[in-house]
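Residue numbers (my numbering): 7 to 214.
Keep in mind the hints are simulated off the structure, nothing from the lab.
Any given hint could be a false lead.
Unchecked claim - Straight-line alpha carbon distances no greater than 35 Å define the calculated DSBU-like cross-link-like pairs of lysine-lysine that follow:
#1 Lys-134 / Lys-23
#2 Lys-134 / Lys-90
#3 Lys-114 / Lys-134
#4 Lys-114 / Lys-23
#5 Lys-90 / Lys-23
#6 Lys-114 / Lys-90
Stated by the list, open to error - Distance ranges between label pairs, derived from CB positions:
#7 Val-172 / Ala-64: 23 to 31 Å
#8 Ala-169 / Ala-85: 29 to 37 Å
#9 Asn-136 / Asn-43: 36 to 44 Å
Just so it is clear, CB atoms sit at the ideal spot from N, CA and C, and this is done for glycine as well.
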Amino acid sequence: MLALLAASPAYAASYVKADFSSGIFGGNANVRDPLRNPYFPSDTFTGSFVFDADQVPAAGSGFANVAFSSLPDLANIPAADAFKFNFGSYVFSLADDPLAMIQYNNGKFNGFVFNTTFNFEGSNYLFKLNGGSLTVQSEADPFGQPYINGYTNIGNQSLTNAATYVPATSAVPEPAAWALMLVGFGFVGGAMRSAKRRQKLTVSYAKA
Numbered sequence: 007m008l009a010l011l012a013a014s015p016a017y018a019a020s021y022v023k024a025d026f027s028s029g030i031f032g033g034n035a036n037v038r039d040p041l042r043n044p045y046f047p048s049d050t051f052t053g054s055f056v057f058d059a060d061q062v063p064a065a066g067s068g069f070a071n072v073a074f075s076s077l078p079d080l081a082n083i084p085a086a087d088a089f090k091f092n093f094g095s096y097v098f099s100l101a102d103d104p105l106a107m108i109q110y111n112n113g114k115f116n117g118f119v120f121n122t123t124f125n126f127e128g129s130n131y132l133f134k135l136n137g138g139s140l141t142v143q144s145e146a147d148p149f150g151q152p153y154i155n156g157y158t159n160i161g162n163q164s165l166t167n168a169a170t171y172v173p174a175t176s177a178v179p180e181p182a183a184w185a186l187m188l189v190g191f192g193f194v195g196g197a198m199r200s201a202k203r204r205q206k207l208t209v210s211y212a213k214a
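Starting from the given sequences, assemble the full structure and let the hints guide the process.
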């Protein structure tokens, strides 16, 4: 019975957590003032994300975007585990763009679709990952010349430290766990009733 109560949800998905890397292209034209400091040409960045191996498109399927929101157990995956990008002093997570997606090309990792904003010295900027490209633009002029041009290393060979990921245990048991628990309670209740019947004593009085 204790084993039933302690049972954790069974996750059908095959989750993997992996690291990826990005950077700014070399050449002064790829970083413009006022972002030239703290960012510089050829700066590199790191990040990590969780994906469901069962959702990776098949080879030959072309370009495909898989939304993080489609992860079956996303509610039990912290936003910073699902997606994290270290952009200098800024750290972006899935909470900054709940609509973010993982991009694949013929079944291989091809970057992300991720958009968020950040404030630097009183001005707002748009941070964008679109497949293998990284750009930062003015929020006031989203179609203007980017202030930063960069990249994300794509291809499965660019993913490092890949390891199985187990979502946090839900506080609410899954339906299958509830069923097992109810069956267990039924057996325990029946055993207790049977024991009580065996414990009943029959008292008889001798005739005078």
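Here's how the hints hold up against the structure:
| no. | hint | in the structure |
| --- | --- | --- |
| 1 | Lys-134 / Lys-23 | holds (22 Å) |
| 2 | Lys-134 / Lys-90 | holds (14 Å) |
| 3 | Lys-114 / Lys-134 | holds (21 Å) |
| 4 | Lys-114 / Lys-23 | holds (15 Å) |
| 5 | Lys-90 / Lys-23 | holds (11 Å) |
| 6 | Lys-114 / Lys-90 | holds (20 Å) |
| 7 | Val-172 / Ala-64: 23 to 31 Å | holds (26 Å) |
| 8 | Ala-169 / Ala-85: 29 to 37 Å | violated (19 Å) |
| 9 | Asn-136 / Asn-43: 36 to 44 Å | violated (25 Å) |
Hint compliance for this structure: hints 8 and 9 are broken, all remaining hints hold.
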